[in-house]
Amino acid sequence: MVGVFLLLVGIPYGITSPSNVSRVVLSPVFWPSILAGLMVLIGLGLIASSVALKPAPPPEAAPIPAERGSWARLAAMAVLMVLYLFAIPRIGMVWASIPAFIAVGLLVRTQHRVISVVAAICVPLVLYAFFVHVAGVSIPQGHYVRLP
Amino acid sequence: MSFADNVLAGLALVANLESILALAVGICVGVVAGAIPGLSATMAVALTLPFTFALAPLTGILLLLGVYKGGIFGGSIPAILIKTPGTPASSATILDGAPMAAQGKAGKALGMALYASCTADLISNLSLILFAGWLASFALNFGPPEFFTLMVFSLTIIAGVSGESLMKGVLAAILGLFLATIGLDLVYGTDRFVLGEPNLMGGLNFIAVLIGLFAIPEILTMIFLPREAGGQKRELGGNWVTFAEYKSCFRTIVRGSFIGVLLGSIPGIGAAPAAFLSYSEARRNSPNKENFGKGEMEGVAASEAGNNGVAGATLIPLLALGIPGDVITAIIIGAFMIHGLQPGPMMFVSNVDLIYGLLIGLVMSSVILLGVGSVAIRAFRFVADIPRGVLFPGVLILCVYGGYAVNNSVFDVGVMFAMGWVGFMMLRFGIPAAPFLIAFILGPLLENNFRQAMLMSDGSPGILFRGPITWFFWALTLITITTVIRSGLKARAARRKLHGSDFANHRRGTP
Numbered sequence: 001m002v003g004v005f006l007l008l009v010g011i012p013y014g015i016t017s018p019s020n021v022s023r024v025v026l027s028p029v030f031w032p033s034i035l036a037g038l039m040v041l042i043g044l045g046l047i048a049s050s051v052a053l054k055p056a057p058p059p060e061a062a063p064i065p066a067e068r069g070s071w072a073r074l075a076a077m078a079v080l081m082v083l084y085l086f087a088i089p090r091i092g093m094v095w096a097s098i099p100a101f102i103a104v105g106l107l108v109r110t111q112h113r114v115i116s117v118v119a120a121i122c123v124p125l126v127l128y129a130f131f132v133h134v135a136g137v138s139i140p141q142g143h144y145v146r147l148p
Numbered sequence: 001m002s003f004a005d006n007v008l009a010g011l012a013l014v015a016n017l018e019s020i021l022a023l024a025v026g027i028c029v030g031v032v033a034g035a036i037p038g039l040s041a042t043m044a045v046a047l048t049l050p051f052t053f054a055l056a057p058l059t060g061i062l063l064l065l066g067v068y069k070g071g072i073f074g075g076s077i078p079a080i081l082i083k084t085p086g087t088p089a090s091s092a093t094i095l096d097g098a099p100m101a102a103q104g105k106a107g108k109a110l111g112m113a114l115y116a117s118c119t120a121d122l123i124s125n126l127s128l129i130l131f132a133g134w135l136a137s138f139a140l141n142f143g144p145p146e147f148f149t150l151m152v153f154s155l156t157i158i159a160g161v162s163g164e165s166l167m168k169g170v171l172a173a174i175l176g177l178f179l180a181t182i183g184l185d186l187v188y189g190t191d192r193f194v195l196g197e198p199n200l201m202g203g204l205n206f207i208a209v210l211i212g213l214f215a216i217p218e219i220l221t222m223i224f225l226p227r228e229a230g231g232q233k234r235e236l237g238g239n240w241v242t243f244a245e246y247k248s249c250f251r252t253i254v255r256g257s258f259i260g261v262l263l264g265s266i267p268g269i270g271a272a273p274a275a276f277l278s279y280s281e282a283r284r285n286s287p288n289k290e291n292f293g294k295g296e297m298e299g300v301a302a303s304e305a306g307n308n309g310v311a312g313a314t315l316i317p318l319l320a321l322g323i324p325g326d327v328i329t330a331i332i333i334g335a336f337m338i339h340g341l342q343p344g345p346m347m348f349v350s351n352v353d354l355i356y357g358l359l360i361g362l363v364m365s366s367v368i369l370l371g372v373g374s375v376a377i378r379a380f381r382f383v384a385d386i387p388r389g390v391l392f393p394g395v396l397i398l399c400v401y402g403g404y405a406v407n408n409s410v411f412d413v414g415v416m417f418a419m420g421w422v423g424f425m426m427l428r429f430g431i432p433a434a435p436f437l438i439a440f441i442l443g444p445l446l447e448n449n450f451r452q453a454m455l456m457s458d459g460s461p462g463i464l465f466r467g468p469i470t471w472f473f474w475a476l477t478l479i480t481i482t483t484v485i486r487s488g489l490k491a492r493a494a495r496r497k498l499h500g501s502d503f504a505n506h507r508r509g510t511p
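So the sequences go chain by chain: S and G.
Start counting the first sequence at 1; every next residue gets the next number (UniProt numbering).
Start counting the second sequence at 1; every next residue gets the next number (UniProt numbering).
Do not rely on the hints blindly, as some may be mistaken.
Claimed, not checked - Computed footprint of chain G on chain S; a stretch qualifies when at least three of its residues, placed anywhere within it, have a C-beta under 8 Å from a C-beta of chain G:
| hint | stretch |
| --- | --- |
| 1 | 26-37 |
| 2 | 114-127 |
| 3 | 131-143 |
Said to hold, decoys possible - Now the in silico label distances, taken between C-beta atoms and shown as ranges:
| hint | chain 1 | residue 1 | chain 2 | residue 2 | range |
| --- | --- | --- | --- | --- | --- |
| 4 | S | Val-145 | G | Thr-242 | 46 to 56 Å |
| 5 | G | Phe-51 | S | Gly-37 | 44 to 54 Å |
| 6 | S | Val-145 | G | Met-201 | 28 to 38 Å |
| 7 | G | Thr-242 | S | Val-134 | 51 to 61 Å |
| 8 | G | Arg-486 | S | Met-1 | 23 to 33 Å |
| 9 | G | Ser-409 | S | Leu-106 | 21 to 31 Å |
| 10 | S | Arg-23 | G | Leu-11 | 53 to 63 Å |
| 11 | S | Cys-122 | G | Glu-197 | 42 to 52 Å |
| 12 | S | Ala-78 | G | Glu-197 | 35 to 45 Å |
| 13 | G | Met-425 | S | Gly-37 | 15 to 25 Å |
| 14 | G | Val-375 | S | Arg-23 | 22 to 32 Å |
| 15 | G | Asn-141 | S | Val-145 | 12 to 22 Å |
| 16 | G | Ile-479 | S | Gly-69 | 43 to 53 Å |
To be clear, the hints were calculated from the coordinates, so they are not data collected in a lab.
Cβ atoms here follow ideal geometry from the backbone N, Cα and C, with glycine treated the same way.
Working from the sequences, and respecting the hints, build out all of it.
Here it is in structure tokens:
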């Protein structure tokens, strides 16, 4: 379905192709079109093979079964990622990382809460010091509290 | 001057405390930088470059080469311990290193990574000394059609890392190839899936995709099922690699080293494809091929031998022809120029003592890497002992800093998060991530060389069969595909037989 969508919508609308292309193999759409076509073929192959032979999935390939609250925790992580991303340029990477660290610690049900909070403060600060003062990377500082 | 005179002149230059110290410091810096995801060996070499201005030419260049070699090995430490490759070159090490760490054999995996790295490094350096001239002339024969056929052959690696379903592996590879098309078109400069976002014009950042695909799904899996996915912390394990184990992997290491040497001598390929090709060849030839991807020590040895085999060989085109083989050697060529040296054939005439000093320094670096690496493994064992409630949030924060640091871009952090969810979904649906990543790495090389070849021939596909090198790679590709299809059919027949006997047993009422 992804392949068909790309062939019908994604490639025609997502790729700008100049009108003076001399050879079809040189066109910007040629390579993506080949890949989308292959995607459709493989998709059909997967459907055909699943219809023809239905082997029991090997134990290691079986998806991890969900438990109560699994999906809620994943949804919370998705929200956390969006908020984290939104907060980095506004309050700075260090200050955004501290609550994110604590929140992820809670989501993985940490039993070392004190260590987790101490690490939540220390790890972003140490990484900041390393990246800014040793590696020379300009880490976002945000609009409010600036670090040396 | 004879060969012996040249070696003695080089030895006189390099046999001093300053040069040895420069190598050792460089290797230490490289190992630490390589072990931090996002801070690649390239970045570490670039950051060290200004420190070489005040040093003597040989000392400065040895410092940079130390960083380079240390960085390539350092990348394997987080790849094994936290399933996050420190450098793109160590992506293949994850495939068996991380499962070994999960089984409590991180010590063995790290030890084998170190021994394979040092052996491959030594072989690569000796090859540089012995075959520089010959390999440089061979590499000069590679044009876009030869590169294209080499990339097509390299894509057959996918068969080896697809796990249970080849179809799913191929699907993942096509998705990876597709994602690699994002950005400006090479020939016409028009937009491809840029969707008006200037950050996408240069394509997706490789490091962001890599970290997102391998590290973030681990965190998401832990959040999804905290107890099941990793209730106990990963132990380094008390067992180190024995001589018998090293000996059993020696053939694989030597093979991987020569693959690295061959690919390293060709400008523009880099260490990651060499690692994957070495891994694939090791799997193809191993009696334990079923165990590859599930924690096979030979897999770790092959990957590390492949990527470290490149390290010395990338200097072949640099020293012999003055052509940088990759980004790192491009930075190193800058260091030569800063000191008023121009790498190339003339340097073998005017500065032959410096060349031999450099070569002897490189051989010494393999021994220093062994010492520094052993210490680094013991130092990083603390990573393996951190409780999950601190380790996983720490990995996330490290990923964010690392993902940002590559291009100073918050957008890359977003790409990393998005790829994390893609990786998690692939994990849920049993689609392997390794083919996706291999295709994403090789995709631009494959397409660009194909289109350059088509431009050269005015659209005629005949150019893809123009000489013995292209024929050689087409033949290898054909042989590999035939072997894959044959083994696939055999496996299918065996599965049918098994299903048949299960069905018969079921009808008889026996288990």
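Verification of the supplied hints:
no., hint, verdict
1, 26-37, "holds (count 6)"
2, 114-127, "holds (count 7)"
3, 131-143, "holds (count 7)"
4, S/Val-145 with G/Thr-242: 46 to 56 Å, "53 Å, holds"
5, G/Phe-51 with S/Gly-37: 44 to 54 Å, "52 Å, holds"
6, S/Val-145 with G/Met-201: 28 to 38 Å, "34 Å, holds"
7, G/Thr-242 with S/Val-134: 51 to 61 Å, "38 Å, violated"
8, G/Arg-486 with S/Met-1: 23 to 33 Å, "32 Å, holds"
9, G/Ser-409 with S/Leu-106: 21 to 31 Å, "29 Å, holds"
10, S/Arg-23 with G/Leu-11: 53 to 63 Å, "57 Å, holds"
11, S/Cys-122 with G/Glu-197: 42 to 52 Å, "35 Å, violated"
12, S/Ala-78 with G/Glu-197: 35 to 45 Å, "21 Å, violated"
13, G/Met-425 with S/Gly-37: 15 to 25 Å, "23 Å, holds"
14, G/Val-375 with S/Arg-23: 22 to 32 Å, "57 Å, violated"
15, G/Asn-141 with S/Val-145: 12 to 22 Å, "59 Å, violated"
16, G/Ile-479 with S/Gly-69: 43 to 53 Å, "51 Å, holds"
Taken one by one, the earlier hints fail for this structure at numbers 7, 11, 12, 14 and 15, listed in ascending order.
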